[in-house]
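Asks: Here is how the chains run, residue by residue.
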Amino acid sequence: MPDPVTDPYIFSKLLELSTNNTPWDYVNYSDEHYQWAKERSDNPSLEDVRIDPKDPKRWAYMGNNNWNQYFLNNSAHSQSYNLTFSGGAKVNELPFKYYLSGDYTKENGLSKIATDYWTRKGMRGRINIAPFQWLQLDNNTSLYNTHRESPAASLTDIYYLTPIQVAKNPDGTWANTDAGRLAARLSDGGKSNGDTFGFQNTFNAVGTFLNGDLKVAADASVKREYYKSNGYAKKFKIGFGPNDIREEGGTGYVNESRTDLNNTVFNLYANYNKTIGKHNFGAMVGYNQEEYIYSSTYVNRNNLISSTLPYLGLTTGEMTLNAGYSSYATRSYFGRLNYTFNERYILEGTGRYDGSSRFPKASRWGFFPSVSGAWIVSNESFFESLKPKISNLKLRASYGSLGNQNVGDFSYIQTMGTSLSGYLINGNQQYVVNGAPPLTIDPNSYTWENVSTLNFGADLGLFNDKFFVGYDNYIRNTTGMLTAGQELPGVLGTSVPRQNAADLRTKGWELSVTYKDQFELANKPFSFDAKVVLSDSRAKIRKFKNDERLLSTYFNGYEFGTIYGLQGDGLFKSADEIKALDESGIVPWGALNIVNGWPKFKDIDGNGKIERGLTETNLKDLQVIGNSADRYRIGFNLNMNWGGFDASVFLQGVLKRDFYPRHYLFWGPYQQPYANIYPWHLDFYRETSDTAEERAKHSQAYLNAGLADANHDAAYPVLQSWLADVNDGKGLAIPNTQYMLNGSYLRLKNITFGYTLPHELLEKWKIQRLRIFFSGENLFEFSQIKKYVDPEAINNGTDGSAWAYPFQRKFSVGLNLDF
Amino acid sequence: MNVKSKIILGIISGGFILTITACQKDFLDRFPQTSITPEVFFNTEEDLSLYINGMLSMNDRWTYVGDQSSDNAATTAAITLKTMMTSKTEPTSETAGGDWSWGRLRTINYFLENYQRANVAADVKNHYAGLARYYRAIFYHGMVKQYSDVPWYSKTLTPSDEALRDGQSPRTLVVDSIMADLDFATKNVKEQVALGTPGRDAVLLMQAKIALHEGTYRLYHSELNLDKTAKNYFDIVEKATSQIIATNKYSIYSTGKPNEDYAALFESQDLSQNKEVILLNAFDQNKNRGQALNGYVFGDYEQSPSRDLIQTYLMKDGSRYTDIPNYDKKLYVQEFENRDPRLMQTLVYPQWLRQPDKSNYVQKLNKNFSGYHQLKGYVNSSDQIIMNGVDFPVHRYAEVLLMYAEAKAELGTLTQADLDKSANLLRRRVGMPDLKMDVANANPDPKLAADYPNVKGAFRGVIFEIRRERRVEFAFENSRYDDLMRWNVGKLLERIPEGMYFPGVGNYDMTGDGVADIKLIPDGQTIPTDREKNSLGVPLVYYSIGNFGGNAGVYLKNGVNGGTMVTDVNVRRFVEPMYYYRPVPAKQIILNPNLKQVFGWK
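Quick note, the sequences are listed as chains B and D, same order. Per the numbering used here: the first sequence = residues 1 to 819. Per the numbering used here: the second sequence = residues 1 to 602.
Simulated from the structure, these hints should not be mistaken for lab results. Some hints could be false.
One-sided excerpt, in silico: chain B residues whose CB lies under 8 Å from chain D [stated by the list, open to error]:
| no. | residue |
| --- | --- |
| 1 | Asn28 |
| 2 | Asp31 |
| 3 | Gln35 |
| 4 | Asn302 |
| 5 | Ser357 |
| 6 | Thr418 |
| 7 | Val433 |
| 8 | Ala436 |
| 9 | Leu439 |
| 10 | Pro443 |
| 11 | Leu488 |
When the alpha-carbon atoms are kept at most 30 Å apart in a straight line, the in silico DSS-like pairs for lysine-lysine are as follows [what the hints assert, rightly or not]:
| no. | chain 1 | residue 1 | chain 2 | residue 2 |
| --- | --- | --- | --- | --- |
| 12 | B | Lys38 | D | Lys533 |
| 13 | D | Lys436 | D | Lys330 |
| 14 | D | Lys596 | B | Lys620 |
Just so we're clear, the structure is a prediction, and the values are computed from it rather than from any experiment. Backbone N, C-alpha and C fix where the C-beta goes; we use that ideal spot for every residue, glycine too.
With the sequences and hints as input, model every part of the structure.
Replies: The following block contains the structure:
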């Protein structure tokens, strides 16, 4: 997370300046404020709380705080232990295997001033028996329990704090500031606890017949999770003045919730395989069904009898109750036929017939066939001579379709939601219907979306497959994509629901290169493997009803991620320049003044006016200026082993991506003057230098930062609040080339070092393996935007706000013990 | 076992799994359990009530900050009209949008298409239908206020409806339909309803309110060319308000305490028994319904009361403050001497005590603010439960009485007896002398005559006084902006609100005890560490004064030479008639070319 400007004089001066330049000039600090700010800027050891000279019954504050440091740990530490027993025996000449393990993990959260952690305890038992030669039974059971404890207040509230606030009064009470209230809420204001108990069992039976040619398999897996949460909030105390301590936080409340998740999957399939000479035939038929049911109850009751006893049974106030329910079910029949000739030519055809509860009866089922073929060139006789070098060469082609059911569980059923009325009716909140149901769904345009992929690929193995390359190139056609329907006049009063409204084509490729080897190093085997996967794809709309080609929704030919924006042209430097170009159409809230230092844009359509078109056919001054889609995704994996030591490294990244920032984590006061100013903002446009008289009032830090000097070659425009206000979407909230950022990154996701003690050392303890390890997550990244936002968070939110939970580095230590 | 029997066993065991699961024919039928399917709804009175209660929409305590769009307050907020007026270039649909959202109409019309299915008595059905039509009237009144002409829809639309691309219906037709809805509602909505929901009298009040708006709008807005039709609407106002008055259920709240009774309406924990309240929006923290907006109402949040409003209040003896020589040079303490007691129940005054403090509050000054602080809507307590639990009177009887008086004055049929049973009841509550019609008409206030130059006829004087009464009685209850719009005096908003007057540097008493509390020093002078103390030994609060935009802490009109506090200097331009309306969003015209932009908007 970026560290904001904390100097109280610089912060106050710039925040006031940012609203002075607008019609909504409401940040106004008094002379006394500045005098104090200067004193504290010049000498930070001075007190940051005093009696308010304008109101002697209240405290006044002048902090210089970096709230990230006050509230958050730099990194989180975690630990993890694993104990395993495994083994096997022969029973009646038939094999019997078992596996039993237990694990414990604790991860600490970010909060410095409140308890904040997560733990998991788990165990797994697995047995594998063969009651008959032809029958294998396998049962795998896992039980786990997680616990999360966190404060009732949200840590992301620190984004709204300003450095000049203070958290604590001299008398030790929490300060009458947002920071003081957040600290009070975090430490005294309540907690939330969550516990999950999970049970998962998979039973699997495989019968083998006809000398192994026929296999019949059935499996049943059940997953149940019970989630229980308990949260409460209670009063806390805020010191308004030396003798004025007030209770806040209402009457307190306790809430409890219980959730039950039930997920059952059955599979049954038979696989027949026969080899006759050089011919190999295979056939498979199967059936699958899945059911998912989620239900929850939630109760909240106000008014704790005593703040020290935050239990549901000890509350006396208003009670609210809520229930949640969701369910889906699918059924599938599938089959496959395959034929291989001479281990060289492979042909395969499959078909699936899928049904889903998410679609209305009339359009519930979809059939999705596919065919594929491959030629293993390296098995050809003419390849014999190349084999020592080229150990494997395979060419592949396939065409297949799959169904997607990317819609809500009950979305096709027209319903009216209910909720508690906000109003008190006859003295109480009452359940009411929220309004008209959404439009009815036409079952003809509400069924599986069909994703058909044509793929060509090749595998190449060199030097006995030490070096392995895989490449795929595909075209994927999505027909009947489930997406919001066409945009209609606003008088409709509702949106057109999701339906099979669009066709989409995605073209892409994926390349993976693996190198693995093993050799002797200092008389011990050293083995390693390294793998790089690089992939790319681009998706375009091929059909969508939008005759007007409105930019607010899809249109034919639209490429996903396209950013329409303005061409930056520096900053206005003179009144003549401002006069020559009419930018009134993009003035935020129609109200800010265009002055020297205001961003200037290129008048693409040459009409003397900067305007944004609403349609693709009349873009006016908009152009395609970038694309926010992830391009050239890369993953890199390296594993090494030597003499008991092991190490692994995992990197992940996106090599090309544009990101236009639209949030105040980047724009600070240019977005809205409510929170932080960041160091990069200091390079803003300043028309004139301050007079000697004005300089005399400034703090040294302000002068040192050059803020009293004119700055015509500025990276940022004149300091004007709301200039980049995303709520209005004009000004710098319109993507433009000048502030487009390079969103590519490569992050060290994980690095692990382990050491396994030598077997001989442990033998007398009957220990098979004892490994200790250390691992770090998200330790480093190559990224240009990391100084502003977390590069992995930038696809969060619909407006590309990059709004995310404070990003953290994680360190953990752990132990694996196997018997 | 031989091979064959193994296969059979496999098939049987596989079949077993299939049997227990696959045979559920309805396995793929899943239904929601937390929402209602419309097919099984709209059968009982409970169903109708559940749906209608979901439509409930009332003003709440945020109303108290609504006047920042009018001349009652200065504001630092992004108010659409202020933005339009201060914009250096002509606003367009891109820079000044209206609210073109139609979801609520769909909710209302959906009910009107389905309520007939209920198996209940006709009068019950009509009661709920009346409420739905009442909400539809309010919805369309909001649309007419913005766009004048709007398409009228009395049924829900589907994506294939051609009506989606209808053009606007003329204002006259839309208003006729609004009136038909209200007519039905007033005849069918029951008198006795659940507390906190509108009953017949609230519907009648709304009928009067919309009719008064339409009547005065047509009378004063020549761009519509409908002034001849205004009278019908005043007749509707008279009829509806008379009907409410005749119920004898309501009265002006008074316990004989002229300095407290008015304020009690805005700071009461329970208004349910208050006979002035016609529609109540109740709050109770213990019932999960709280609104605490002390920080927004009071202090330097966005809005601050204007000096013009303060000058509108009469003297306690009924004479005009603006008739006093040099009234515009009075200091804060003097301004509040011997005024209409409602002034001290609406604004912070010199002897005011803020809880839990023990000594008088000293007004804080701030640049861009007027220096005055609003009291109406502020809850003078430091207890959060109390602050959150103050009820809000959505409609009160005072509104009925003033609408009655205004309509009769516009009709030219107002009598002194009419005034005595309407506007004068409000004056009597606060101990003010009665408004005398003949006196008012004989000597119209020159100040108000300048403010409202379009009022003509023999009743001019009394119309001015009724307008004064409205402004005073409903100050910070968000009625002033609509009043200015319907009276066609948007030009008044071109005046930049001014603040307190100070003749220049020096020491000033702000609490009315004759002892100085603050010291104004010239810009550039630094505040000494050792502050001057007043005769009570309390250090003075220092402010530097100077010209607008400078480094001073307080901006005065003539800088160090004094003047009123300056809240803004951007020139305001109210373009008539364009700014009385809002543009149809450009995208809507692309989606439906039959929509025409209104009143010169682009």
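Asks: Hint numbers the structure violates, sorted upward?
Replies: Result: hint 10 breaks, nothing else.
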